[in-house]
Structure formats: C-alpha cells, structure tokens
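With the hints as extra help, turn the sequences into a complete structure.
As a plain string of letters, each chain reads:
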Amino acid sequence: MAIPVIWLGTSMTWYIIFMGPIDPATRLLSEGQVRNPAAYEAAQTQLGLNQPPLQHYVDWLSSLIVFDLGRTWLLYQGSSVNALIMDFLPRTLWLGFWSVLIAIFIGVPLGFYAGMRSNTVADYVASMGGIVWRAMPNFWLGIMLLAVLGSSQAIFGFSWEAIGPNLTSGISGNPDLSYMAGNPIAFFTNPNATLQAIKKVAPAAIVLGSASMGNEMRIGRTAVLEVKNQDYVELAKVKGVSDRALVYKHILRNALVPLVPIITSEAFLLIGGSVLVESVFGINGIGYLFFQAAIQGDLPLVGTLMYVFILMIVGINLIQDVLYTLIDPRVGLEGE
Amino acid sequence: MSVNGSRVADAFTDGRTALWALVGLFLFLLEAGAVLNFVVSLTIDGLLAIPGVDAVGFLTAVENAVREIPTLLSRETIPNQGYFDGSGYEGTFLGLSPAMAWAFRATLVYLYAFAAFGWGVWGYRIYRREYRAADWTPRDDVFDRFRGHKWGIFGLVIVFMFVTMAVFAPALGPTTVDQNMRNSYGHEIDYWDSDSGSVETILVGDANLDSLSQGNDQNVEPWTYDDYGRFHPFGTMQDGSDLFTFLVVGSRISLVIGVLSVALSASIAATLALTSAYYKGRVDLSMVLVSDAVMAMPQLLLLIMLTTVLRESWINEVYSGGFLLALIFAFTGWTYMWRSIRGPALQISEREWIDAARSFGQRPTTIMRKHMLPYVTGYLLIYGSMTLGGAIISIAGLSYLGLGVAPPTPEWGRAVNLGQDYVRTGSWHISLIPGILITLVVTGFNALGDGIRDAIDPQSDSAGGETAGAGGGA
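From first to last, the protein sequence lines stand for chains A and B.
All residue numbers for the first sequence refer to my numbering, where the first residue is 1 and numbers rise by one.
All residue numbers for the second sequence refer to my numbering, where the first residue is 337 and numbers rise by one.
Calculated from the structure, these hints are not laboratory results.
Do not rely on the hints blindly, as some may be mistaken.
Stated by the list, open to error - Cβ pair distances, simulated, as ranges:
id	chain 1	residue 1	chain 2	residue 2	range
1	B	497	A	230	36 to 46 Å
2	B	687	A	26	52 to 62 Å
3	B	489	A	230	30 to 40 Å
We put the beta carbon where it would ideally sit given N, CA and C, even for glycine.
Below, the structure written as structure tokens:
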C-alpha cells in the first residue's frame with residue numbers, strides 16, 4: 001500500500017507543478033531573462049520541459065527514486081538539493097522529536113490525571129485548558145510565547161535566558177546541532193550542548209506540539225474512563241490489588257493502546273505545522289525551506305521537497321502500523 | 337407537511353401564532369431596508385453580468401429608492417462618527433459620546449440577532465406543538481438532547497455571535513472599510529482642535545497617519561479615542577486604521593471561505609463515501625489509495641503549493657482569492673471527512689433495506705441518495721462543524737504567511753502578522769486580539785460539533801472525531 005501511495009502523491013505533485021497554469025521556467029527567471037529567448041530556452045532544457053510531458057514525467061520520477069534531486073535555481077542558487085536537505089532536515093527532525101516528546105510528557109499524564117479524577121474541578125480545568133489550547137492557532141501562540149519569554153524578566157521576575165543552560169544567540173533561532181555531526185553519541189557525551197539545543201527549540205516544540213497535546217489529553221482521558229469500568233479492573237479491585245498496582249498495571253497500560261495511533265498521526269500536523277512554526281521562530285528547517293521555495297518561485301525545489309515530505313509521512317505510517325501490532329496483538333497487519 | 341388554506345386561516349385566529357407572526361413582521365420591518373438593499377444589489381450584479389441588457393438607469397433609480405428606506409441597525413440611524421464642538425457632541429446619536437453611540441449600536445445589533453434567533457426557535461416550538469401531525473419524531477429527541485447540552489449551547493452561542501458579526505459587519509464597525517482603509521484620502525472628518533479651540537476638517541488618511549500604533553511612543557490602545565475624537569474599541573493598527581473594523585470585516589471572508597470549503601468538501605466526501613460503500617471492493621480500494629495519497633501530502637504544504645501555483649490564474653480574482661482558497665481547501669480537506677464517514681456508510685450499506693431496495697430494481701444513485709445519505713448526514717454535520725474551525729485557523733495561517741486572501745481585503749491572520757513586530761511594545765493589541773478571537777471562534781465550532789454529536793448519537797464515545805479543528809497544523 002505504501003508504494004502506490006507514494007507514487008500517486010508524487011504524480012499529483014508533478015502534475016500540479018509542471019502541468020499547472022504557471023510555467024516553472026518563467027518563474028525561475030527574472031524579468032529581463034524571460035525576454036531573452038536563449039536564457040529561457042536554456043532553463044527549459046535544463047528542466048526538461050521541452051521534452052514530451054510523459055518523457056519528462058518518467059525522467060523526473062526516476063531521478064527522484066534514486067535521490068538524484070538536482071540543484072536549486074533561486075534559493076541558495078545552484079547548491080545541490082541533497083546537501084541542502086541534509087543541512088536543513090536535522091533541525092526539523094530535532095524540533096519534531098521534541099515537540100512529540102513534550103506533547104506526550106505533558107498531554108498524556110494530564111489526560112490520565114483528568115480521567116482518574118473525572119468530573120472534579122481539576123478534571124474540568126484540565127479538559128477546558130486542553131480544548132482551548134488546541135484551538136489556538138500555532139503561529140499566534142508562537143508569537144505570544146516569544147513575547148512572553150522575551151519579557152519574562154518583567155512578567156515572572158526571572159529571565160528565560162538566565163535559567164538553565166545559557167543561550168548565546170537569543171531565545172529563538174537555529175538550534176546548534178553541529179556538535180553532533182557525524183557523531184550522534186555526542187548527544188550524551190556533551191550534555192551541555194544538548195541542553196542548549198533543547199532549550200533553543202523548546203518554545204517552538206511546545207507550540208508545534210500544542211494541537212497534539214490537546215488531542216492526547218482528550219484521548220488519554222476517555223481511554224482511562226473506558227478502561228476504569230472494565231470487568232478486569234473490577235476483578236483486580238475485588239482481588240485486593242493495591243491502588244497503585246491497579247492504576248499502573250491494569251489501567252494505564254491498557255489505556256495506552258488508543259494513544260499510539262494518535263501520537264503517530266500527529267506527524268501530519270507536525271510536518272504541516274513546521275512551516276508556520278519555523279517561520280515564526282526563525283528556524284532554518286525543511287518546512288521553512290519549502291515555504292521560501294514556494295514564495296520565491298523555485299517550483300522544482302517545491303516538488304522535490306514535497307516528495308521528501310510524502311516519504312516521511314508514509315514512513316511514519318508504516319512505523320505506526322508496526323507499533324500498533326506490537327502493542328496490541330489483536331490488531332493484525334491486515335487489520336480493520 | 338403541506339399547510340392548506342384552512343390551516344393558515346386557523347393559524348391567524350389562534351392568538352399565539354398571530355402574535356408570533358406579528359413579532360416576525362416587526363423584526364423584518366426593522367431591517368427591511370437592509371434586506372431589500374441586499375436583494376436589489378444582488379439582482380443588479382446578476383443583471384449586469386448578462387450581456388445585452390441595458391437598464392442601468394432604471395436599476396440605479398431602484399437602488400437609490402431602496403437606500404432611502406430607513407433601517408434600524410445602520411450607521412445612518414445610529415451614527416457614532418461625530419465630533420466635539422467645545423460644548424457637546426455633534427452628529428452622534430442623541431449627542432452621546434462616540435464610544436457610547438457605537439456601543440449602543442453594537443448592543444442593538446446583537447439584541448436584534450438574538451431576538452431573531454429566539455423568534456425562529458419560538459416558531460419551531462409552536463409548529464411542533466400545534467401544527468405538526470405527529471406528536472413525536474426522532475428529531476425531537478435530537479433537539480431536546482442538544483438543549484440539555486451546556487457545552488454545545490455555549491458553542492452555538494459563540495458561533496451565532498460570530499455569524500452575526502459577519503452578517504452585520506458594515507453596521508458593527510465604528511467606521512467603514514472604505515472610509516478608513518481603502519479610500520481614506522477620499523473622505524474628510526471634522527474634529528475638535530483643542531489648541532485653536534475650534535472645529536477643523538482633516539482627511540481621514542492624514543488623521544490615520546497621526547493615530548498609528550507602533551510601539552510605546554505612538555500608540556492608540558483599545559477602548560480609547562485618538563487625537564481626532566475617533567473612537568477605537570480595539571485600538572488602531574500599525575497604519576492607523578481601526579482594528580475593530582478590520583476584524584469585523586475580516587470575519588466575513590473567514591466565514592464565507594470556511595462555509596464554502598466545508599460544504600464543498602462535505603459533498604465530495606459524501607459522494608465518494610457512498611459510492612465506495614455501495615460498490616465496495618475495487619472502487620473502495622482505489623478511493624482509499626487516492627485519499628491516502630492526498631493525505632500523504634501535509635495539508636498546509638499542499639495549500640501553500642497550490643496557492644502559489646494558481647496565484648496568477650483568473651480564478652484567483654474572484655472574491656480576493658477567497659473562492660480559490662475555498663476550492664483548494666475542499667480538494668485537500670475532503671479526505672479527512674471521507675475517512676470519518678466511510679465507516680458509517682459501510683455499515684449502512686450492509687443493512688437489509690439496501691438489499692431490499694436493490695432487489696426492487698432501484699438504481700444505485702437512488703439507493704445511495706434515498707436510503708444511505710440520510711443516515712450519514714448527521715456525521716457530515718458533526719465533522720463539518722469541526723473542520724470549519726480548522727479551516728478558519730488554516731485561512732488565518734495562510735494569510736499570516738502572506739498567501740491566500742489578497743492583501744487589501746481584511747483577514748484575521750494578516751492582523752496577527754502586521755502586529756507581530758509590536759507584540760513586546762505598547763501596541764500588543766494588534767496581534768493579541770485577533771488571536772483570541774480565532775481561538776474563541778474555533779473553540780465555539782468544536783463545542784458545537786461536540787454538542788451535535790452527543791445530540792445525534794448519544795452512545796458515541798467522545799474519542800471520535802479527532803480530526804477536530806487542528807487546521808492541518810496551522
């Protein structure tokens with residue numbers, strides 16, 4: 001199922017970009033160059049647009065399959081797209097990783113807490129907070145968070161820059177991941193740099209994870225509510241299992257099952273949302289690259305990046321299926 | 337269902353119904369001018385679009401005549417744009433201060449809207465009690481359950497207020513878009529100059545330049561007057577125009593795009609879900625494939641890609657790009673709704689009455705429309721309400737990035753963008769207020785969706801419908 005989805009998605013992208021109302025070749029050239037037939041011809045040849053469409057389609061697709069992504073036209077003119085993605089992708093992955101993790105570590109416990117104490121004031125406050133939190137637009141939340149952190153000295157009495165690891169270059173911007181280049185173990189051996197990089201993306205990660213956090217909370221709450229009324233929980237209670245064991249062994253474990261698909265399906269939101277969050281926080285990630293390519297008219301790059309996004313999403317979906325079968329053996333791979 | 341002549345006569349001899357009709361007539365008369373104006377301008381636009389019809393003179397005469405009909409809730413009846421002439425206010429309603437006059441008009445608009453809503457509910461209840469042949473229908477239970485659903489009612493109130501805001505946008509703002517933004521150098525206002533102690537006249541554009549909100553030294557806060565005696569409920573924007581007017585008019589385009597896109601994607605989703613549920617097998621599989629492929633492209637990125645590619649096409653001219661945006665939303669967003677109704681549709685296609693209808697030789701389209709569609713419309717309503725919230729967030733997100741709705745047209749996301757540089761200064765309101773409004777409206781739509789879901793299907797677990805209002809990550 002994964003292969004046809006990738007093929008179909010990529011074909012749609014190709015169609016939109018190369019068969020759409022805009023001629024990618026003219027978009028790439030400046031005003032003067034468009035009138036210069038030689039330059040226009042050259043651009044067309046380089047893009048392969050003077051070939052018959054089908055030929056062009058096959059060429060384009062096959063070069064994507066072998067990851068021969070070509071060179072950029074306007075953005076970072078002439079640099080290799082492979083190198084560009086390798087440069088930008090880690091920052092997005094870093095941001096995405098922490099936004100998933102922060103969302104899980106805040107959203108799930110809150111949801112479970114609300115579920116365990118359902119219909120109390122704490123539950124209402126938590127649920128209400130989750131609902132409102134989820135309804136906030138990410139870009140706006142980001143702006144507000146930056147404003148609050150930027151003037152945290154005046155609001156909270158301590159400054160965000162001063163607590164914990166020092167941030168040398170402002171509260172937002174690119175996390176410095178270069179220390180890990182070619183040496184992923186540095187994540188553990190160089191804790192100071194790791195903490196700095198985490199603190200740098202933390203606000204962005206919280207914003208990016210806000211929607212998922214709300215969802216996870218809600219699902220976590222209902223899952224606990226459902227499991228709480230199951231017969232086996234009653235039985236365990238009657239058997240005299242201690243409260244603590246009851247909660248951790250019988251309730252939480254089973255309540256985790258419905259959370260898995262939610263967590264992975266948040267990937268859609270994370271990747272889509274990365275465009276806005278990266279522009280607000282000034283992180284040079286792949287979403288930001290996509291946006292720049294789109295507004296500056298580097299349409300071939302847009303298509304290539306879309307292919308990368310499709311690969312990422314399909315990959316995450318595959319992981320989700322595997323995870324799901326591992327956690328809940330009742331679900332077969334052929335499931336539904 | 338048909339009400340014949342004698343029942344109509346009965347209705348008017350019955351006191352309560354007559355009272356109800358009278359109240360309705362009264363409410364209509366208050367706004368008759370606005371309604372007629374709307375109808376007339378719509379027909380004029382329609383007629384002018386038809387080539388070969390030359391009736392401009394007559395039509396303008398009609399339009400002007402209609403304009404003359406007094407309307408209760410208009411800027412002319414309750415004006416708030418006056419000036420101080422040293423001893424009192426000139427030109428405002430009853431000589432009130434501009435703030436009070438504006439507040440009075442806004443309150444009246446909302447009172448009117450809620451009265452109209454209440455009138456509708458009242459009419460429905462009279463109909464249900466007195467005129468409907470059946471004492472009880474399943475839909476009654478749905479309404480009753482919804483009435484007891486506080487959270488859903490809350491959502492309904494918020495959504496209703498938002499819709500009122502969009503419908504009455506020109507009457508709600510303290511000033512108009514034309515006077516304050518689009519054509520600010522074509523309008524003049526009078527103001528009280530305290531230095532010279534006399535009333536002076538100034539172009540609106542020049543006045544705007546002196547009421548910018550750009551930080552601590554130059555700022556017009558919410559609920560204050562600027563130097564020219566103009567009242568700003570939400571303060572001014574960075575270019576000196578009125579933020580409230582901007583937002584109120586912006587709510588219109590958000591609502592129109594949102595409703596249009598959700599309606600389109602709901603119809604696409606319903607058609608495809610019914611087809612795949614009816615034919616199953618290969619048809620179903622290929623649709624799963626297509627929807628998976630569309631979903632594999634993150635919605636927001638797809639939106640960005642499509643808006644850039646289609647930016648120069650003719651369709652982008654329609655309604656400041658709003659129509660194109662609605663189309664794009666529909667073609668990227670139907671997958672989520674399709675996923676949600678495919679399951680119920682598949683279940684219904686297994687029922688006996690579908691078999692029965694088939695064996696009677698009914699055509700597939702008839703079966704789908706008559707025997708399957710009514711059972712999934714409830715789900716469409718639920719997911720429609722929830723995706724509307726998401727669509728509003730996405731529209732705002734796109735215009736925050738400078739895509740989508742073309743710049744001079746007010747849009748909420750653009751206000752956030754314009755105020756971004758001043759959030760940490762005294763002019764925090766430009767970004768903060770639109771964001772709060774978006775949050776409120778989206779919460780309202782989600783709550784309404786929750787309420788409708790619990791009303792239609794009380795057994796459903798509230799874990800369903802997780803596609804709710806996340807707006808593709810905007």
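We went through each hint and held it up to the structure:
1. The given range of 36 to 46 Å is respected by residue 497 of chain B and residue 230 of chain A, whose C-beta atoms sit roughly 42 Å from each other.
2. At about 56 Å, the beta-carbon gap between residue 687 of chain B and residue 26 of chain A stays in the expected band of 52 to 62 Å.
3. At roughly 32 Å, the beta-carbon separation of residue 489 of chain B and residue 230 of chain A lies within the given 30 to 40 Å, and the hint holds.
Of the numbered hints given earlier, the model fails none.
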